[in-house]
Amino acid sequence: MHALEARHAPVVSLWVWYHVGGRNEVPGTTGMSHFLEHMLFKGTPKHPKGDLDKLLARYGALWNAFTSEDVTCYFETVPAERYPVALDLEADRMRNALITVEETEAERNVIVSEREGLENDPSFLLGEQLQAVAFARHPYAQGVIGSKDEIKLMTRDGLYAHYRRHYAPNNAYFIVAGDASAEELLDRASAAFGPLDAEVPIEPPKAPEPPQYGEKRVIVRRAGGALPIIQIGHKAPRASDPRAPALSALAVALGGATAGGGEAASGRSSRLYRALVDTGLATTVDASFQLMKDPYLFVVEAHLGPGVTHDRVERVVLDELEKVARTTLTTDEFGRVRRQMLSASAFMTDTVTWRAFRFGQLLATGAAASLGEWYDRLAAVTAEDVRAAAESVFQEKGRVVGWFVPEPS
Amino acid sequence: MDVRRQRLENGLRVAAIPIPGLLSAAVLLAIEAGQWFEPLGRPGIGRLCALTMLRGTTTRDAKTWADALDGIGAAARLDVGSHAATFSAQSLGSDLDVLLELMADAVMHPAFAASEVELVRQQTVAQIEEDARNTRAVAESAWRELVYPQGHPFRARPIGDVDVVRAASADDLREHHRRAIRPDGAVLVVAGGVDAQQVFDASAKAFSSWSAGGPREEWKVPEARLANAVRRLEVVPDKTQSDVVLGWPGLPRTDPRFVAARVTNMVFAADTFASRAGHVVRDELGLAYYVFSTIGGSLGQSPWVVRMGVNPINVERAVSTTLEELRKIVDGKIAEDDLELAQDKLVGELDVARESPAGVASLHLEGEVFNLGPDYAERYPRELRAVTLEQVVEIARTFLPPERYALAIAGPPLPERD
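Protein sequences, first through last, are from chains A and B. Basically the numbering used here = 1-based index in the first sequence + 21. Basically the numbering used here = 1-based index in the second sequence + 17.
Careful: at least some of the hints might be erroneous.
[Unchecked claim] The calculated label-pair distances, taken between Cβ atoms and stated as ranges, are: (1) Leu367/B x Gly71/A: 15 to 25 angstroms; (2) Ser186/B x Arg242/A: 35 to 45 angstroms; (3) Ser202/A x Pro239/B: 52 to 62 angstroms; (4) Leu339/A x Glu420/B: 34 to 44 angstroms; (5) Thr330/A x Gly390/B: 35 to 45 angstroms; (6) Asp208/A x Glu395/B: 26 to 36 angstroms; (7) Val154/A x Asp272/B: 29 to 39 angstroms; (8) Ala203/A x Leu302/B: 41 to 51 angstroms; (9) Asp392/B x Arg28/A: 20 to 30 angstroms; (10) Arg421/B x Pro66/A: 29 to 39 angstroms; (11) Glu126/A x Arg402/B: 32 to 42 angstroms.
[As the list claims (entries may be wrong)] The calculated lysine-lysine pairs, modelled on BS3-like cross-linking and capped at a C-alpha distance of 25 angstroms, are: (12) Lys75/A x Lys345/B; (13) Lys80/B x Lys237/B; (14) Lys70/A x Lys350/B; (15) Lys70/A x Lys237/A; (16) Lys345/B x Lys70/A; (17) Lys75/A x Lys350/B.
Simulated from the structure, these hints should not be mistaken for lab results. Given the structure is predicted, the values throughout are model-derived calculations rather than measurements. Where is the CB? At the ideal position from N, CA and C, for every residue including glycine.
Build out the structure end to end from the sequences listed, making use of the hints.
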């Protein structure tokens, strides 16, 4: 359990990070962690369905949950005096969720609907295929939401077993930030979670990704979009790797610190924006390096301009990646990258919810032991570190290229 | 919260809200240049003008301006909505003067170079074409066409009409800029790690030479009125989910009933847990992954709509269930607790929004933009609490008649109805 003081607003934000996500699933049960996340909103014997939902709604709480490849996460940001209620909710549902057959059936439709909503988005469709092709053995290939067929086959008993196995205090991080002393925040959390029993420790999944020996490619053809899309991934190291801060800076150098469509004004000095958007070759471009437990992907995504071919954009992107791996950024350019990265870090920690999120993310993925440590490591990155990180990652042998090709209606 | 205000001679109103302990400042500059202020029959001119303002000024080309913004690590964007064109940004507090100077340069001295206009046009046309395959965008466009008559500023989405975008010249954009991008009616709100005097000094330095380009033109906007229930299905190929927009023309933010309407919206469908339709459609029946309603704030009849993402086989049931919940409100068959829950939620959200500088700035923007009074932020929670069940019923009867609505559905073909 970790606490941070944040005294500028009368709120508290608490987060529970469970070490369970897509990487803990096997074929036939893909999407189970995400399905389970939905079921944690369906009540416990102490708090029947709707009971605490309404209470938190009354407080104006900002609260939700998400599942990733690595973790499942629940959070509430509430007026400070309501902290005990949110604690009670999280401690209770850590071990006592009901997960009935009836609620499982009703929620199945919602999850299928969520999946179908994602399928409407060509970028999701291509990204799912890119991930599947990139990983031959590691469960990152399976993504998070699961296949529609497997969602339809999920059983209440399977979900409950998954819950009992993974939802326990010894498999979670608890993070809180807010308007009280760290000691007080932790004391209350200890009282809530302390009585809960630990489970048998869980071994992390053992399916390391074998080496890749050459570029992989995938094409998705559908009528669902008007514009072609290209995604280029390169195998990238895990969050705990010493290169992680430099790769974060590299993503800013290539795509800016803030993504957005035509309305976004920042990030336009980045290499790929200049090479693709300023020239009309693409309408948007983004570069991302995610903090993950295991080696994942550094991904560039561009939505092509009208009449522009995939070949052309792919060549330009690969040229830019090759350049940034060969030659260090200029002093001015690196100065902009550093300012964007460090300012974005300040923006995040100036919001109570995101301060707690960031801390939890760093801890859960092994990136750093504190916000200060991560900030110092970002601040210590040099232009040469960025070049060297690019050189180590942007290798043809670790590459996967995806094209979304719109088909006529 | 400590709110200080100042008005520049050109009419620009500035509000500063220092928050001790923060490093950054959130900046919102709202200019009355949203859809409501677009020339009638020219949807899209406002957004095209705004986005071209981000692509170079008379003293800095697009690259130089972008280098300077990224050089201070600021995050910024410019969005055109129904009422305002809003420049929203965040920088370290120590960089506020540079940020405001860059924003002012874009707002006051855009170059509208031909090549940049072409680039923005190309991007916009591409986005419109992409949106033609996006079920949410298609449903939204279809709904607007069902509700708003020809010539109404809300008949199209802010991105506009493709023919208008294709035909717009640099001179058209200059003319729109001269007419609509003006300090009178504009509001600048800064919240975060800054002191008020720093905000006033930096805003005066950046914006005091901004002047209005002549009197504001006014035109008569046709009324939007639904005579009966209307619906449209747009089939979008290769999609698995239907996006649904169900709604009515709303009421102006300046209407004295607007706060009661916002409470009614929360009672009806704004939230999954605090609203009747949201709770029943998603949580009880599992018919949709998302369902929520919004009520727009502008000087006109902004959309008041429920949006849902639904499997095609569940569309009819999700819509009829939503309308059943609405009928209960109209018939007064709702409990005091439904109202209290909605009020608690709306008031509680105001406290939670204070967690970030952007949240604080947003809390104050609406009151400043619509001239709701210097005590608005303090008065608003009391006004929410004062809304009665009778007012909710009356608002629903007046603005959300369950037998006269517009329904737009975009996605795969729907199964045959019985």
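Hints the structure fails to honour:
Violated hints: 4, 5, 7, 10, 13, 15; rest satisfied.
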